[in-house]
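> Given next are the chains, with one letter for each unit.
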Amino acid sequence: MKRGLSAMIALAALFVSANAYSALNQEMNGLIEKFQKEAGIKAFSAEDGKKFFATKRMHSKGEERSCSTCHTADPRQKGKTVVGKVIEPMAQSMNKERFTDPKKVEKWLKRNCEWVLERECTPKEKGDFILYMTTI
Amino acid sequence: MKVHVWDIPTRLFHWLLVSAFAGAFLSSHGDRFLEFHTSLGYIALGLVVFRVLWGFAGNRFARFSGFLKGWQSVRGYVASAARLHPPRFLGHNPAVGWVVLFMLAMVASIAISGIVTYGGEENRGFWAGVFSFEAGYNARVAHALLADLAIAVVVAHVCAALFHDFLLRENIILSMFTGTKEDEDTYAERVSHIPPHHDVRSVLRLIVWGVVAVMGGLALLYLRPAGRTDFLRMPQPNVVDDKGFASVMKVNAAWMEECAGCHNAFHPTLLSADSWKKVMMGLNDHFGEIVTLDAAVSEEIGRFLLSASAERSTTEASRKLMRSLRGLPAFDRITDVPYWKAKHEDIDIEVFKRKSVVSRSNCVACHPGAELGSFEDHDIAIPE
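Protein chains in written order, with this note's numbering: chain H, 8 to 143; chain U, 696 to 1079.
Any given hint might turn out to be false.
[Said to hold, decoys possible] Taking beta-carbon pairs under 8 Å as the criterion, some of the chain U residues facing chain H (in silico): (1) 873; (2) 957; (3) 958; (4) 959; (5) 1052; (6) 1053; (7) 1054; (8) 1056; (9) 1060.
Hints listed in this document are in silico derivations from the structure and should not be mistaken for laboratory results.
Positions of the beta carbon are idealized from the N, C-alpha and C atoms, including for glycine.
Please model the entire structure based on the sequences and the hints provided.
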């Protein structure tokens, strides 16, 4: 009975995660699978992605930085870089071109993880982030 | 008896050209009315083209063959006019016939030199991307000289018309509205009845028209050109290639993608080649940020920046900033260039801190054409 329940939950989670990424194209699904394999987990969490997006961190340069520093607290809004350049919304619901090119996604994750966290992001952080951005 | 002399197209042409010329003259100072001014220039050129065609297709008074007379009749007319007793002509007299042709050529030259100026100096208009900044500058000198000449010709033309009306009492100004003139007998009959001091109505008419003209001119002065340039249709500026040929700059996708990912797409025409080399060599510490680019992408962007650097660009901004760099070491910050500083010194520091601007490096906040290499004065709009 207990095994049956957990199997059902696992199946439901798989269904949810498969459904959650249905907006992504084939190449992007490949990237997600890569992250899943690297992280050793079956499904990412949009909730964790949301928290990750908002987490503020003290940079070694002495200023607080987070994803929302440039992208604003709501990824559906337009953002602005520190020099004033307007950034189109991150959320895929507002900007169909977001999260369609794995190369571009990886490049920007690399650059911006370094900028905020001064390290590369973990596969789980990346997967959660993309899930959040494609479901909000 | 009234004779139909000036057909409707000829009269319309005359007054439309007067309006276009007056409007262009009134809007000729400063960049504020530049778009308005250039539109009127195109209109004037179009009118001249029409008049040339009408010179073959119009009625007998409008056709060139009707009023361009030989040297003998011109000399004879001028001689009698100098004695204040010229013979009366229904259409253009032999002297003014050639003046008409001269004025048409003059207006066309003004318009064409204006289009060259607009293309060379502002990279706008019909010949955008064809002429260099220097060619535009030279054309502007010619444009201004020709325009001064035109003012002199217009004054002479108006004086001649007043001479015909107030001394010869011909009513030729009225005929340019109604199109009709008195035949010889009616004219002689009317003139014989007018005591020399009695023509008050003509004077009043002159005053009324003068007031109308002044009011019209003042109205034009307060008319602001509406709307901004359509930047999407604006071509990139010219650059000189390795062989010395000018060609329209081609935008590089990697430059747009990589550089404009974080800040404005700073146009290659805004820094010298030395400066761009310095920037590309220093990407490890790019104004405090670390920039990592694939070697191939980095090389491609570097090549692009050098191919259109300020030395090679024909824009006004490039020429002036290069001039300000003379003898100085390479700057990697555009806002450190002396020309940039001089141009922006009157702007309050608070303006750059506004939420809508954020920093000095956000060119597009005030120069909507910045990413196309366009910084024209009349496009500037400082946001609140």
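> Each hint should be assessed against the structure and marked as holding or not.
These are the hints, each one checked on the structure:
Interface restraint check for residue 873 of chain U: the shortest CB-CB distance to chain H comes to about 60 Å, outside 8 Å, so the restraint is violated. Hint status for residue 957 of chain U relative to chain H: holds, with the closest Cβ pair at about 5 Å, below 8 Å. Taken as an interface hint, residue 958 of chain U checks out: its beta carbon lies about 5 Å from the nearest beta carbon of chain H, inside 8 Å. With a cut of 8 Å, the hint placing residue 959 of chain U at the interface with chain H holds, because the nearest CB-to-CB distance is about 6 Å.
A hinted interface residue such as residue 1052 of chain U counts as satisfied when its beta carbon comes closer than 8 Å to some beta carbon of chain H; here the least separation is about 6 Å, so the hint holds. Residue-level restraint check for residue 1053 of chain U holds (minimum Cβ-Cβ distance to chain H is 3 Å; threshold 8 Å). Because the smallest distance between the Cβ of residue 1054 of chain U and any Cβ of chain H comes to about 5 Å, under 8 Å, the interface hint for this residue holds. Residue-level restraint check for residue 1056 of chain U holds (minimum Cβ-Cβ distance to chain H is 5 Å; threshold 8 Å).
Against a cut-off of 8 Å between C-beta atoms, the interface hint on residue 1060 of chain U holds, since the closest Cβ of chain H lies about 6 Å away.
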